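Peer 1: Here's the letter readout for the chains.
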Amino acid sequence: MGSRKLAFIGREAGGRHLPELPFGRTAAARRGLTMLSPALVLGASLAYLLLLFVVAWWADARSQQGRSVIGNAWVYALSMAVYCTAWTYFGSVGRAASGGVWFLPIYLGPTLAMVLAWTVLRKMIRIAHTYRITSIADFMASRYGKSPLLAGLVTLITVVGIVPYIALQLKAVSSGYALLTTPLGAPSTGRGSWWLDGTLYVALALAGFTMIFGTRHLDSTERHEGMVAAIAFESVVKLVAFVAVGVFVTWGLFGGPGDLFARAMAVPELKALLSPAQQGTRFAYAQWFALTMLSMLSVIFLPRQFQVMVIENVDEQHLKRAAWVFPAYLLAINVFVLPIALGGLLYFGAGAANADTFVLSLPLAAGHNGLALVAFVGGLSAATGMIIVEAIAVSTMVCNDLVMPMLLRLRRFSQRGDVTGLLLAIRRAAIVGVLLLGYLYFHLAGEAYALVSIGLISFAAVAQFAPAMLGGMYWKGGARAGALAGLLAGFALWVYTLMLPSIAKSGWWQTDFVARGPFGIELLRPEQLLGLTSLDYLTHSLFWSLLANVGLYVMVSLLRTPKARETSQALLFVDVFDRTQASRPVFWRGRAKVGDLLALTGRFLGEARAAKLFDDYARARGAPDASRIEPDARLVQFVETELAGAIGSASARVMVASVVEEDKLDMDDVLRILDEASQLRAYSKALENATAELRAANQRLESLDRLKDDFMSSVTHELRTPLTSIRALAELMVDDPDMPAGQRQQFLGIVVGETERLTRLVNQVLDMAKIESGHAEWHNSEVDLVALLKQAGETVHELLRERGAELVMQLPARVPMLRADPDRLMQVLMNLLSNAAKFVPAQGGRVELRLYAGAEGATVEVQDNGDGVPAAQHALIFEKFRQGGDAWNRPQGTGLGLPICRQIVEHFGGRMELRPDTGQGACFVFTLPWNSRPEPAPPGASMAADGDRA
Amino acid sequence: MRSGLLRQRLLGLFALGLLLFNFPLMAVWDRDVLLFGLPLFPSALFFAWALLIAALAWLLERAPD
Amino acid sequence: MTIKILIADDEPNILISLEYLMKREGYEVHIARDGQEALDVVRRERPRLVLLDVMMPRKSGFEVCQELRADDAVKDTLVLMLTAKGRDTDVAKGLAMGADAYVTKPFSTKDLVQKVRELLAPTTPGA
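These protein sequences, in sequence, are chains A, B and C. The first sequence begins at 274 in this note's numbering and counts up one residue at a time. The second sequence begins at 21 in this note's numbering and counts up one residue at a time. The third sequence begins at 19 in this note's numbering and counts up one residue at a time.
Each hint should be verified, as a subset may be incorrect.
Claimed, not checked - Residues from chain B that face chain A, not an exhaustive set, calculated with beta carbons under 7 Å:
#, residue
1, LEU25
2, GLN28
3, LEU30
4, PHE34
5, LEU39
6, LEU40
7, LEU45
8, VAL48
9, ASP50
10, PHE67
11, TRP69
12, PRO84
Source of the hints: derived by calculation from the structure; they are not laboratory data. What you are looking at is a predicted structure, and each value in this text was computed from that prediction instead of being measured. Backbone N, C-alpha and C define an ideal beta-carbon position, used for all residues, glycine too.
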């Protein structure tokens, strides 16, 4: 595009200009094509609009039932695709037909912008939702001290920049309609009287549609759910329609992409489109970069994009998915642009047909009228989607930021009661007004050059918002005067270098000021300002306007001392992520009455809603009802924010100031309030931390307490059980002196046994407690394990013999000495051995004691040939008070022996476990490392006598 | 901090995209070559584009809420 | 006709003492060593009263009590819970499960006998 031009596409515009002519010369293009009946096309369009209406109505109904359909990242992403208008739906193909890949920067830019969406756009959304921002103008005004002047300027720039863009959509629809319905070879429909012009009715129908969905609610932060659903639906329709045409062209008209590209490469002109540099043409990288940057900014600052991405956003988290789904959508809708463009050029022959309407004319020429109709509906979709959202966004701005400030100056207005109806009427009028302006522009400049590149001209206009918007979000120093100066300068240069030349070249303003400069001053030629000739006109305009814009914004901001209100707003915007609602500082001092504020709110939001708002506020603040609310700064801020949602922040500021008595804040006040809020935040943070710590500590204590409780309960049970037998039997013997001697003897035996059990239990509980608390004494010395095991074997020998069992020992001749407490090790061995002795069968019992010396340490195994331990109890056997065996043949034991053994072994750095059951009885194993845990004895201390307290 | 890391990764991806879609890296693909029957220059642009989107999706979808 | 009593406990020595005590009072005594056995004996012998230990293998006293109350054939069996766990929550749980009385170990034989008599009194003919 731009600096180069294809010979076969006869362009009348100069080489520097964006060359494609959408919807221009239809008569030649249609030669040889069939047509559709107007009734069919009109009927289909009407049916489609009705369907859209139904979708929107359904979504609104669902939202009222609390089952929103738009609360989902996919719908959000699809609504973003309102970016793809009729201009791109038809124009991309035209652009590709004349410039190859030059249609791409318009989509690569948004993709890059979306990479940063999670950081930049999310902040914008957070700010907009926190302060109930209603539009891009409101955003700027609010940031720079709620300045009505700035809001008005932004609105003005938007209207001037966007109206031609709307005209372009209208033209797309009307020329698409003309292409489909004009008979073969007939001359292009001449423009008749205005009342016969279908485009006017298209505009009015869309205005009606927009009014229904855009202005049902007053508060724009109450989202337009129906509209968003309809827009998402339209995005699906236009994608499906465009892809359908692409598939038809690629596989229907040609034999697939390979065939299509092979044929294109055979034509030198088409080959040049696909690899420009190789064909000797210079690729305009500067313009490519400029277009990428431009579309990157536009995708955020176009009013309709700001509307769907920021204002209509339901949940910040949706951005995470939408940020990649939206670029993926752009990619999908662009895949077939080149095939359709090349297909059209090959099919009709270069220059024979208007490339901008290939999407319609290719199916039509091939006799696929149905597909042509689908393609038309797709284009209609793209156009209506853009118009509806743009009109809503612009009407909100016009109402809140142009009309309201003027009305507020009128005495009559300030005496009116409820103005909610008036506000809605203003918005509806603004919608009709914007669309009629668009129609008027279309009517006046219908065939003119001005329309051709109007999309990019609009992009360049909204790009002027970027410095003040982005600066305002990240730079606290950005000031109102700087924003005003930057915007004015950027806008003026945009008008001079882009808007005026395009009007001049459209032909309805006869002038040579573009070529020769105003009054013949060459240095002021609008497209070569100051003699800068090496840039194309778009890059040139962008360079100068943004240079002046950024330069003045920064310089004036630095030079001027900001007012207190600007500083406070700057703090609130830039630090929006740093504070929660409650700890956000409120920059207001003064006196207010609840009644006055309630009445004011009622005027703009309706009395019922105002009452409900105040009731909710009272409840949230712990007041019994609305009349008992403390009329403090927070209430004033609450009312102002609610009003801002309806009439914009600047107007809300004026209205609130009119009913309260407020002190003027100076810079010191702002800083002091900020300081207080910071301290409050620090306190609440510290408090939160302390609470969390306390809670954790408490939970730890509770779980310890539960453990101790369980332990105590178990100990109690174990103590009470023998006591029960002792007491019962003793009482029986006391009651019955004549008890037979044999019976008495048996009872006394039981009493003695139970007493022993009690003693054992008490000793072991104490032992356990000592070890666990680290108060046990350890008399460590060099231990010969072989000797120790032999000694243990001798000790239990008698016990085993009584039970008719034999002891088998497998010991090596000698093992290294081990440092440990021999008495404790003996305790472990005795416990394991006597345990084994309890479980051996009555006949042929056998206990094995084995010792192995490994590299790391010694391993001792104690095995019996009893029934073994059931698998279910393996994990529990080392827990306190878990005994092996079932009720009747449970051995005498306390349930503490094995836990104590394990504690002792672990104290020496070893491990004790039960071997997995092999069907040959239970096998307990413990290992002891040679270099048993180093004892923290001071150097030189006697190694033999120290008491280890580790 | 996790969110800070995500921010830096996104910034890096943005820089990568800006490089890929501009001179001089773009000129590397501007050759008279067919790849699987498709002209290299536009194919490379679309491929880089798809790659960028895939990387973005990967970064964002695995980020914690 | 002598009244049948079931004693369910897993501690043999407690069983010995309780069996002696109840026989001395003139009841017909059956014994069970775990919860499941207790249920089986109740269904087979239909005792009037069960002295039920809480901590038993296979089925706890609580579970036994619950199953008794759920079974129409034996739901009128009187249940006296015995436990070595004296916590209030255990007592409350036992009563909630449908026990008729609750005695903590170690108990006085006189008190236990008194409780048993009280439980059996209203339905004992001629008492």
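Peer 1: All hints are to be evaluated individually against the structure, with a verdict given for each.
Peer 2: Here is how each hint holds up against the structure:
Against a cut-off of 7 Å between C-beta atoms, the interface hint on B:LEU25 is violated, since the closest Cβ of chain A lies about 12 Å away. Interface hint status for B:GLN28: violated, as the beta-carbon distance to the closest one in chain A is roughly 10 Å, over 7 Å. Restraint check, B:LEU30 versus chain A: the minimum CB separation of about 6 Å is within 7 Å; hint holds. Below 7 Å, beta-carbon pairs count as interface contacts, and B:PHE34 has one with chain A at about 4 Å; its hint therefore holds.
Look at B:LEU39: its Cβ only gets to about 11 Å from chain A, farther than 7 Å, so that hint breaks. Using the Cβ-Cβ criterion of 7 Å, the hint placing B:LEU40 at the interface with chain A is not satisfied: the shortest such distance is roughly 9 Å. Given the 7 Å rule on beta carbons, the hint for B:LEU45 is violated: about 11 Å separates it from the nearest Cβ of chain A. About 10 Å separates the beta-carbon of B:VAL48 from the nearest beta-carbon of chain A, more than 7 Å, and the hint is not met.
Annotation: interface hint on B:ASP50 holds; nearest CB of chain A at approximately 4 Å, less than 7 Å. Restraint check, B:PHE67 versus chain A: the minimum CB separation of about 10 Å is more than 7 Å; hint violated. Hint status for B:TRP69 relative to chain A: holds, with the closest Cβ pair at about 6 Å, below 7 Å. The restraint placing B:PRO84 at the interface with chain A is violated, with a minimum CB-CB distance near 10 Å, outside the 7 Å limit.
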